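*Asks:* So you can see what is in the structure, the chains are spelled out below.
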Amino acid sequence: MAHISDLIGTDIDAYLLQHQHKSLLRFITCGSVDDGKSTLIGRLLYDSKMIFEDQMAALEADSKRVGTQGGEIDFALLVDGLAAEREQGITIDVAYRFFSTDRRKFIVADTPGHEQYTRNMVTGASTADLAVILVDARKGILTQTRRHSFLVSLIGIRKVVLAVNKMDLVGFDQAIFDQIVSDYRAFAAQIGLDDVTAIPISGLRGDNIASRSEATPWFDGPVLIDHLETVPLDEARRQQGDLRLPVQWVNRPNLDFRGFTGQIASGVVRPGDVVRVLPSGKQSKVARIVTYDGDLDLAVAGQSVTLTLEDEIDCSRGDIIASGNPPEVADQFETTLIWMAEEPMLPGRSYWLKIGAKLVAATVTEPKYKINVNTLERLAAKSLTLNEIGVCNISLDQQIAFDPYKDNADTGGFILIDRMTNATIGAGLINFALRRSQNIHWQALDVNKTSRADLKGQRSAILWFTGLSGSGKSTIANLVEKQLFALGRHTTVLDGDNVRHGLNRDLGFTDADRVENIRRVAEVSKLMVEAGLITLVSFISPFRSERQMARDLVETSEFIEIFVDTPLAVAEERDVKGLYKKARSGALKNFTGIDSPYEAPITPEIHIVTTKMSPEQAADLIVERLRDRGLIKGGWHGPEI
Amino acid sequence: MTTESATVSENEPKPLLSPVALTHLQRLEAESIHIMREVVAESDNPVMLYSIGKDSAVMLHLAIKAFYPALPPFPLLHVDTGWKFREMIAFRDDIVAKLGLTLLTHTNPEGVAQGVGPFTHGSAVHTDIMKTQGLKQALDQHGFDVAFGGARRDEEKSRAKERIFSFRSAQHRWDPKQQRPELWRTYNARKQKGESIRVFPLSNWTELDIWQYIHLENIPLVPLYFAAERPVVERDGTLIMVDDDRMPLRPGEVPDQKMVRFRTLGCYPLTGAVESTAATLPDIIQEMLLTTTSERQGRVIDHDQAASMEKKKQEGYF
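Chains A and B are the protein sequences, given in the same order. For the first sequence, the numbering used here assigns the number 951 to the initial residue and increments by one for each residue that follows. For the second sequence, the numbering used here assigns the number 221 to the initial residue and increments by one for each residue that follows.
The hints are simulated quantities; they were obtained by calculation from the structure and are not laboratory data. Source: prediction; values computed, not measured. Treat each hint with caution, since some may be false.
[Claimed, not checked] Cβ-Cβ distance ranges computed for the label pairs, FRET-style:
1. A/G1222 / B/F446: 40 to 50 Å
2. B/S389 / A/F1459: 27 to 37 Å
3. A/L1518 / B/K413: 24 to 34 Å
4. A/Q968 / B/R466: 41 to 51 Å
5. A/A1165 / B/V474: 53 to 63 Å
6. B/E449 / A/G1222: 55 to 65 Å
7. A/Q968 / B/R306: 32 to 42 Å
8. A/Q970 / B/E454: 50 to 60 Å
9. B/K413 / A/F1459: 25 to 35 Å
[Claimed, not checked] Sample of chain B residues lacking proximity to chain A, with all beta carbon distances greater than 12 Å (derived):
10. A317
11. I349
12. R393
13. P440
14. E449
15. V453
16. R455
17. L459
18. V474
19. Q477
20. M479
21. E495
22. I504
[Claimed, not checked] If you want the ones that stay clear, here's a sample from chain A, every Cβ over 12 Å from chain B, calculated:
23. E1316
24. S1333
25. N1343
26. K1532
27. P1551
By construction, the Cβ of each residue, glycine as well, lies at the ideal position given by its N, Cα and C atoms.
Whole structure, please, built from the sequences with the hints as guidance.
*Replies:* Dropping the structure here:
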């Protein structure tokens, strides 16, 4: 890895001193499959002498064996890391490469160009300050070029290098280069990319990469490495913003020390600065900036710090310490979502949303529109599928502090997490807060749930019956209610079929509609619990996520999940309503258990195996369990049991 | 690392007149600290894998900084194959005592019972049983849900594609096609019971960064990294140090005293020494910058088969 610097051999101490002051630029390379992206990265590593002899020897051997350059060195082999990729000749995931010159260290996010991997490009772009967009000089601006540029602009990268590659294959023709550059600039301006530096290169031959090519005497711009070494970093802009310190962790080694740790997202901080903790809005002053190397007089965006404050105010993980214009606080937003999971986004389903160090429950509305990333057209949409981008409103279960994404990626960008699999299924950018969230307040009521339930001499609860169609949910729920009624309890029943005739008659049986179906029923059940009632809900409710969402709406002790467990074969054999027959014949689509999944509860409060007991025995068992839980105690109307 | 100082303002925050230029090492340090704090805030039972080498030394130093003035709120775990250099073990015990940290060590008892070792079983079997299986045993035994490792993306091609928060199944398997997208600095550390996450705070550091940082921060290192006269034999083009009498000498083999040092440390029979006179950090960095072979070349395990690291990682190796 010999750097060219002569100091290494002559004066290593001077060399080290110089290299300790290098800056860091992170960039992303984007291009279509055959634009020569891997070759360019291989060339950058090679020209900055980051390839060792043993790696070079291995590369030469591999190039002869599986290379695509007719036995010549195939740089692409250097960067296609996984065996699966080398065999298929594709790049399947974002990879990070490192090289350094005498002036800078570089981290390159190398992302594949295929359509199905928009997810990876957005991921790679999220940490980059600059994008190198590759264009094949023979092909000019392609659909993929537009798509990559749009994503780069969406994720907030402001600086673009347009690398017109394979110039050797068009005879280094200036007219071709100029035409491509002018086409690109016209398009780039439309999507807000105006800082574009165009360079004619050949990744394979090395023209205009590290040194000026004799083949392009007409080109007077910078060569690629020079440009990357000198382009101004985003850190100046970040430091000039208002202070934002998302609090990660509170350091309390003893009673005398309470330090708020985090990486400064923007701005600067000094001891004595007046700061505000959001969302609470409490104010204090910075006492110290504590580090292992001694207290600091100043800390800037990008540094990980520990602050102590002069006053004992509430501040915990997920809060933001801010100065200057404070961040906004809201619980409903318009956002741009990039969907990253195989399973489509379901409006109304509850997801985890992580923004900075804050984790909250979120539900997404139906998209206002989705964006065709090739044409930038806005299209109507009911949902978002893998790699789709759409604009949706999001509503949270609590208020958070944030900035619009365009102002601050760290306090305005978030990820969505599936509550069951814990997979990261989407990324989002906050556009703005919805005003109505500031105008709807919970009405504080003097008569509350407890007093209403007390009046009835009971504790309110939801008995949530879930199971396949024909499993016996409604039959058992009906018997349970009769027993409770006889005991003088105040009850009500929400039954799947009945609710679908009224409240939910606008909903069908797609996954998205099933989610909305359960969301409404869960909200109604919550109101019934508020009214002090024991509420029996009898719904197939096939998805764990929605049952979890219903559970989360009420207190832990108020939700009792009853799994009416009937094997599919038995339910189908009974087929009371003749629905299985219809589903099997194809006359009924999206039928649970046939062509739509049923996710059985993992730890239900009560598990009824209907093949082992009659509905009456099941009802007895349930009432007994409710008694064990103290739900049927006392009462003004019935006998003490 | 400190930033250049500026005058202290009274009350209202003042903007900077000119930006403070953070060096690449300051930015790497800040990122690593952020990652460590995120783990501590989100996990139930974290642990730091400590292998005694230079990367572990940097990782430990960063942990001390991340949680200062508290001590790192997790123990260190050393999976001891029983074949580490004696100087490594002495250094380990010394550093842990000085810092006042908790060290757990684990040696695969089944491997010990079967007498598994590199000379008798070969590097592949030894590495699998004493390292990979030993690591899994230790993680399961203590119920650790997150384990820090000192791996870097510049080390090897499959590492370049691994996330900083690398999710593992309940069987410790890595699935390169099911990795979670990692955006901005927002890490998803959620998992089900039984599943775990390996976290690599040094992902974006290179070998040169590590050495420069050790130099700048005066981080103590195992003396084996520095050149000294040591008894070695040359085998298959690799210089192996005769660290104890468990090493069977081949007919005609006589250990030579040579000035050597190690670029990377592992089990002594599997770690090749290089002839060197570099006895100070600047000398070592100079030698590294002028050298023409990559650092893992001295490791026997990587030569065993093509794509070997990718396969090992899928099986649960760090």
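*Asks:* Hint by hint, say whether it matches the structure.
*Replies:* So, going through the hints one by one against the coordinates:
1. A/G1222 / B/F446: 40 to 50 Å: This hint holds: roughly 45 Å between Cβ atoms.
2. B/S389 / A/F1459: 27 to 37 Å: With a Cβ separation near 33 Å, B/S389 and A/F1459 satisfy 27 to 37 Å, so the hint holds.
3. A/L1518 / B/K413: 24 to 34 Å: holds, 28 Å
4. A/Q968 / B/R466: 41 to 51 Å: holds, 46 Å
5. A/A1165 / B/V474: 53 to 63 Å: Holds, since A/A1165 and B/V474 (Cβ atoms, about 59 Å apart) stay within the stated range.
6. B/E449 / A/G1222: 55 to 65 Å: Holds, since B/E449 and A/G1222 (Cβ atoms, about 57 Å apart) stay within the stated range.
7. A/Q968 / B/R306: 32 to 42 Å: holds, 38 Å
8. A/Q970 / B/E454: 50 to 60 Å: violated, 37 Å
9. B/K413 / A/F1459: 25 to 35 Å: holds, 33 Å
10. A317: Consistent with the label, B/A317 stays out of reach of chain A, its closest Cβ about 19 Å off (over 12 Å).
11. I349: holds, 24 Å
12. R393: B/R393 is indeed farther than 12 Å from all Cβ atoms of chain A, at 15 Å.
13. P440: Holds, because the least Cβ-Cβ distance between B/P440 and chain A comes to about 15 Å, which exceeds 12 Å.
14. E449: holds, 23 Å
15. V453: holds, 22 Å
16. R455: Per Cβ check, B/R455 is outside 12 Å of chain A; nearest 18 Å; holds.
17. L459: At about 16 Å from chain A, B/L459 clears the 12 Å cut-off, so the statement holds.
18. V474: holds, 29 Å
19. Q477: Per Cβ check, B/Q477 is outside 12 Å of chain A; nearest 27 Å; holds.
20. M479: holds, 19 Å
21. E495: Given that every Cβ of chain A is farther than 12 Å from that of B/E495, nearest at about 17 Å, it holds.
22. I504: Per Cβ check, B/I504 is inside 12 Å of chain A; nearest 10 Å; violated.
23. E1316: Given that every Cβ of chain B is farther than 12 Å from that of A/E1316, nearest at about 23 Å, it holds.
24. S1333: holds, 19 Å
25. N1343: holds, 21 Å
26. K1532: Answer for A/K1532: holds, closest chain B Cβ roughly 37 Å.
27. P1551: holds, 15 Å
Hint compliance for this structure: hints 8, 22 are not met, and every other hint is.
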